[in-house]
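Number of protein chains: 2
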Amino acid sequence: MYGRYTQELGVYAKEEAARLRESGQRRSVSERSRTFDLLEYDKGRCAKCRICTVRCQKFLISRVGEDWIFLILLGLLMALVSWVVDFCIAICLQAQKWMYGGLDSNVFLQYLAWVTYPVVLITFSAGFTQILAPQAVGSGIPEMKTILRGVVLKEYLTFKTFVAKVIGLTCALGSGMPLGKEGPFVHIASLCAALLSKFMSLFGGIYENESRNIEMLAAACAVGVGCCFAAPIGGVLFSIEVTSTFFAVRNYWRGFFAATFSAFIFRVLAVWNRDEETITALFKTRFRLDFPFDLQELPAFAVIGIASGFGGALFVYLNRLIVQFIRNQKAINRFLMKKRLLYPALVTLLISTLTFPPGFGQFMAGKLTQKESLVTLLDNRTWAKQGIAEEFDYIGHSQAWQHPQVNVFVTLVIFIVMKFWMSALATTIPVPCGAFMPVFVIGAAFGRLVGESMAAWFPDGINTDGTIYPIVPGGYAVVGAAALSGAVTHTVSTAVIVFELTGQISHILPVMIAVILANAVAQSLQPSLYDSIIRIKKLPYLPELGWGHHEKYNIRVEDIMVRDVRYITLNCCYRDLHNVLLTGHLKTLALVESAASMILLGSIERAQLQSLLSLQLGRPRRLEFIRERATAEKKRLSVVSNSDAEDDHRRASQEVRFQVRCHRELSTHFFVPLLLTGIAEWEEMQLDEQVNFNNCKIDPAPFQLVERTSLHKTHTIFSLLGLDHAYVTSIGRLIGVVSLKELRKAIEGSVTVKGVKVRPPLASFRDSGTSSSENEATELHNLWDREKRMSLPGEHTPPESDEKSQ
Amino acid sequence: MYGRYTQELGVYAKEEAARLRESGQRRSVSERSRTFDLLEYDKGRCAKCRICTVRCQKFLISRVGEDWIFLILLGLLMALVSWVVDFCIAICLQAQKWMYGGLDSNVFLQYLAWVTYPVVLITFSAGFTQILAPQAVGSGIPEMKTILRGVVLKEYLTFKTFVAKVIGLTCALGSGMPLGKEGPFVHIASLCAALLSKFMSLFGGIYENESRNIEMLAAACAVGVGCCFAAPIGGVLFSIEVTSTFFAVRNYWRGFFAATFSAFIFRVLAVWNRDEETITALFKTRFRLDFPFDLQELPAFAVIGIASGFGGALFVYLNRLIVQFIRNQKAINRFLMKKRLLYPALVTLLISTLTFPPGFGQFMAGKLTQKESLVTLLDNRTWAKQGIAEEFDYIGHSQAWQHPQVNVFVTLVIFIVMKFWMSALATTIPVPCGAFMPVFVIGAAFGRLVGESMAAWFPDGINTDGTIYPIVPGGYAVVGAAALSGAVTHTVSTAVIVFELTGQISHILPVMIAVILANAVAQSLQPSLYDSIIRIKKLPYLPELGWGHHEKYNIRVEDIMVRDVRYITLNCCYRDLHNVLLTGHLKTLALVESAASMILLGSIERAQLQSLLSLQLGRPRRLEFIRERATAEKKRLSVVSNSDAEDDHRRASQEVRFQVRCHRELSTHFFVPLLLTGIAEWEEMQLDEQVNFNNCKIDPAPFQLVERTSLHKTHTIFSLLGLDHAYVTSIGRLIGVVSLKELRKAIEGSVTVKGVKVRPPLASFRDSGTSSSENEATELHNLWDREKRMSLPGEHTPPESDEKSQ
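Chains A and B are the protein sequences, given in the same order. Using UniProt numbering, the letters of the first sequence correspond one by one to residues 1 to 806. Using UniProt numbering, the letters of the second sequence correspond one by one to residues 1 to 806.
Next up, chain A with everything else stripped away, as it sits in the complex (with noise of 0.2 Å):
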């Protein structure tokens, strides 16, 4: 369903990243140099010109660096992207209703064109995406949410996930199935503005940066949202709220402007070509402005709120429950995984069999697509009371809803109920796309059939002062959008993002509140969608501290962090290097003074450490030892005897030669019995070396906590910095470490686990002041008389399973 992330590619992709950066910057030095001395060597006559054209060339460069040509370049770049993409999709769709309409003359042939069009064009999705870039399938949300956490998931910021992505999305939009173009949009763009930084590294120096491109990508995210629904202020809120644990107010500007200048263009794309007369709201709503509803109706609009609480996070539990259920049942999970294709074909069949217009989908409006059901469902007249039939023919779309038989309030709820898990069920398709759209559109149905119940109940309007001002479902539209799509996602942003789509922010207070509701109970329930799908992919992510979150303060990280850190010691010699890779899955160890003074000098990436022994004992060192033995071998022969010299040195050097032949063709060891005792003996020796750590990367100021620091403040400095472990120290003295892992078993409640001490019931009681001086006059005394010291920490051997994941 969804693809996996593995965090040897992570590893992989930072050392080659940094590589090329390394690489990069050495070839840039060498240009320049070059370009000096081509200055300074043909001083003949058009030296001037050649000075003047290098400046020149210089000045661009530098101009080049600067940030808001980059934006300006990243808006122009999805604006057009988006526009194209719309206009495809529009044209897919379209093709669909031409061919419905051309074959009216038979039901069949009809639900043959209406079905098998769907399915072509999500299973060529579906493919085209496997087989180019898996990266490039769903959202993309999540994977922004954790890149722009600090951890590299290279693969998804490449051309090919691009171009899988974009072509991917239009098939999959086309097919007309119930899903959204926001999720994917984020992502893309954040490729547009890898791929765009990538290219304008070659012109200067300033875009290997690593921090400045992460604030790129989330100006990036940004304009995603911001030309999708043409809603620059929204874009760069929703973005804020999804992707950011902590933002910098200072990257605010790059945000607006890059996304102000995308939605203009994207506008202004839409008047060039004539579908528009000047610059308006994608979605605009034409609400009476003098008295746009009325007090007494707010109860109506928190009732919204909070039913779209309950049902944001049902759909959230919904879509988990799908994914799980399919991956579950291994024989559904090995008969799909054979044919991946099948099930994406087999869930369009049965979505677009529901929809098909004569069938089931005249109950529920099954001809229009996303677009034009929400237009309609914003409209500003009233069904209920003036019916639909009378007024409703001269907009064609809006006919859809009525039906002879039934009611207007049964195909509402009708709709609802069906596209409830039909996206649901849609947005697990392995296809590029998102589930905003979907969810907002149920969310106007929803809000509408609330505000038609009130029209039918109150035809007069609910205000008593004589004037007659009839309730607008078309408001309680907007409001039931924004509380749904709000609590789907656990965002407030989607209030701003409603205003900037509909072109009218008179309804602002119902809103809010209905939003506000909305996310206060979905909060409660369920994870947002994106941690929901973070948690399935099983994404190095650390969770929210929740709502009322203030026992968190009480508990401090000596109560959640493991005390048996493994750890090497600046003196150590190979042998204990070898044991501790051995026992120990830790990606980093902390390299310390010595075991009695456990001072912590640094931390060391395993793989550094395992250069190091390999190092030692690989075959370079082994080969000249050999040779040297010879040598040596040789030498006491000449002196021993004369006579039997020859035979033993001739004997002797076949067998080095036989030796070396061996590990240079076969690489396996061969020992030839006079050999084998020595290679043994070497070994050991060289494992009881000291270890030279001169030439190994040492970090050398890994992030320290104390053990009072709450894990309130533990979790902020995480998310701030995007840590993944840190060590926790007392005066200079390493006695544990604290990881994710931990971090996220503390927030998540279960701190009983194994390696992890649970912190006693009355622990918040504790006086902070005295306790926590003896405490460092404890650890000034085992400073003091260091040699005299006994027991020494950390010699245990800790549990296996706790340090996986660090």
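Heads up, a few of these hints could be off.
Here's a subset of chain A near chain B, in silico, CB distances under 7 Å, partners left out [what the hints assert, rightly or not]: (1) F291; (2) D294; (3) I599; (4) I731.
Everything labelled a hint here was simulated from the structure, so no lab data went into it. Each residue gets a CB set at the ideal place from its N, CA and C atoms; glycine is no exception.
Fit chain B to the known structure of chain A by using the hints.
Just chain B now, kept in the frame of chain A:
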């Protein structure tokens, strides 16, 4: 003019807060245990009843700890405060109008009434604030920014300040001066939150957590803006942009929740008071929805944006110039300091004389209040085309812009120019006041001016498609207001505030474009108004990295760090302590293992060391020594002779008693000859003893950086964690220190100052990979042959001047 911040106050406040927190914790523990004791004590007939009561109580107390209850209370309180303040201001302004209107028979009396009224109000406000709480002066946003960075400015959050701010603000705004209520409301909301927090801590213990309080203060800032403008979204965003450097997204909902609730109650109060029929925007506009603006009008909007950018920078510059002029002119300054109320009175007199409606005020709509001006400026009719006279009669206020002799353009220009310097001057008066609203009005007037010019230029609109869409100057006014206020405050969210204020979002793209351009121009010329005040008041701050800050990636910590770190070693004697305390003025000192190893173990505050030293050399130990010595003397004497013994003994003991009495009564040193040399010897001996750190509070994990950390990352970490200094270590060894001061210097570009090494110009081309590992190797070698090293780092006498700020 502005209050000055003293470092000592902050330190004192910090200690005070710690003491209070501790005692509070102890009290709550003892209270709880008492409840349980009671429960066990009387197990009589109503035991069940009691248990039930206690449980209910406990449940209620646990609920009180929930964030949302706090936020609702805060929102409710602030809405009431905002509404009451508005109500009082309206009454004050009406009273002035009534007086002015009643005296229309005599122009001189009219002038007296028009001028005296504001002078009295402003003088009262200034005097009241000065006496009760000088901290209430000004907007309060700069202080909140500093407090949210982690600095404790305790006096700014007391009940006294609250009272002074609310009453002072009401009087100041009631005078009709060009002042705003938005900045002070941010401060008032924070005061409310702090006081509410203190009040609620009587029930539960959660309110004593520091990081929680900071979160609540951030939410309170949002509430302040939100209930001032009835703009919840804009409020949250504006407060984030203005007060935070890094924003925790998990804190987002708090702001939205409280601000929405507050804005809701604020508007509901207006409905209940029959001011409004239902909840709508504060300055509702009625622009047409279907064609808000033409694409070809965009250049005009861009011009507004760029001009506003320059205008905003000029405003900040002018404001600072006025403050500095008055401070620097010593004669004026001394005179004004004596008569503190003279300056406000003079300024008010000047401004109100110029706005006197029958006088010069007739050319600048002088009789309109700030609110009325804004309403008329956002009017959706065109003044220039239709002529003001015939249409303006039915709404009284707009007549003010009409003058029989003078064109409406001239009126607007005079209004803009006069209000510009008046607002810059008025905001320097020492009363609680903000500058947002005056700037907003000036921006609206400027936008209206451009809009009217466009309308006069293109009387039939620009659209070429046949349909006539006349230009809407009101839309230009909206754009201008957002752009100028955005430029002055360096925020983008003013765009959202105008949408919420006007209730229309149709001009979103022009507003966004103008705001971004205005920000780009203003940010490259001047700091924001709040940063400017921070600099004037010398609050502890960290400047932002500028827009085009890519050169900051190339500066490393090693280029800016101070290499001569003051440190103490674990086995140092009291003499070293004494010397270190005498030579430097550092707030904290590094504790290293030994001068040879330089391994950083922690940091100790200066105050702690001082107390250690005074413990060692203080009176109790001194007296003890004298007593001991006397006893020894006595023994010696009794051994040596029996005849002279009694005399000697009596004399010695008398001397001792005299000495003791002197110490007790006069506390001066009357050294009796015999003891004089003894005390000096004893002191020398004491100073040579090793320091016992057992009773000393040590920060065991001060923040550490590496030499190669970039300036960009250092800035991020400092602002993320609110540090004021960090040690630079290399594999455990202390090699330097970076404080806010060095960072500030480096950011502001003056890296050539004493004690700070300037980076070689080609430093950015250094090959990072190799030199780094070499460096580490060297460090390791240093560790290896620790004993053999001859030159120890950090033993030179460091320059004094560089350390005062640490």
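Here's how the hints hold up against the structure:
Look at F291 (chain A): its Cβ gets to within about 6 Å of chain B, closer than 7 Å, so that hint holds up. Look at D294 (chain A): its Cβ gets to within about 6 Å of chain B, closer than 7 Å, so that hint holds up. Contact between I599 (chain A) and chain B, as hinted, is supported at the beta carbon level, the nearest pair being about 6 Å apart and thus within 7 Å. Evaluation of the I731 (chain A) hint against chain B yields a held restraint, the C-beta minimum of about 4 Å falling below 7 Å.
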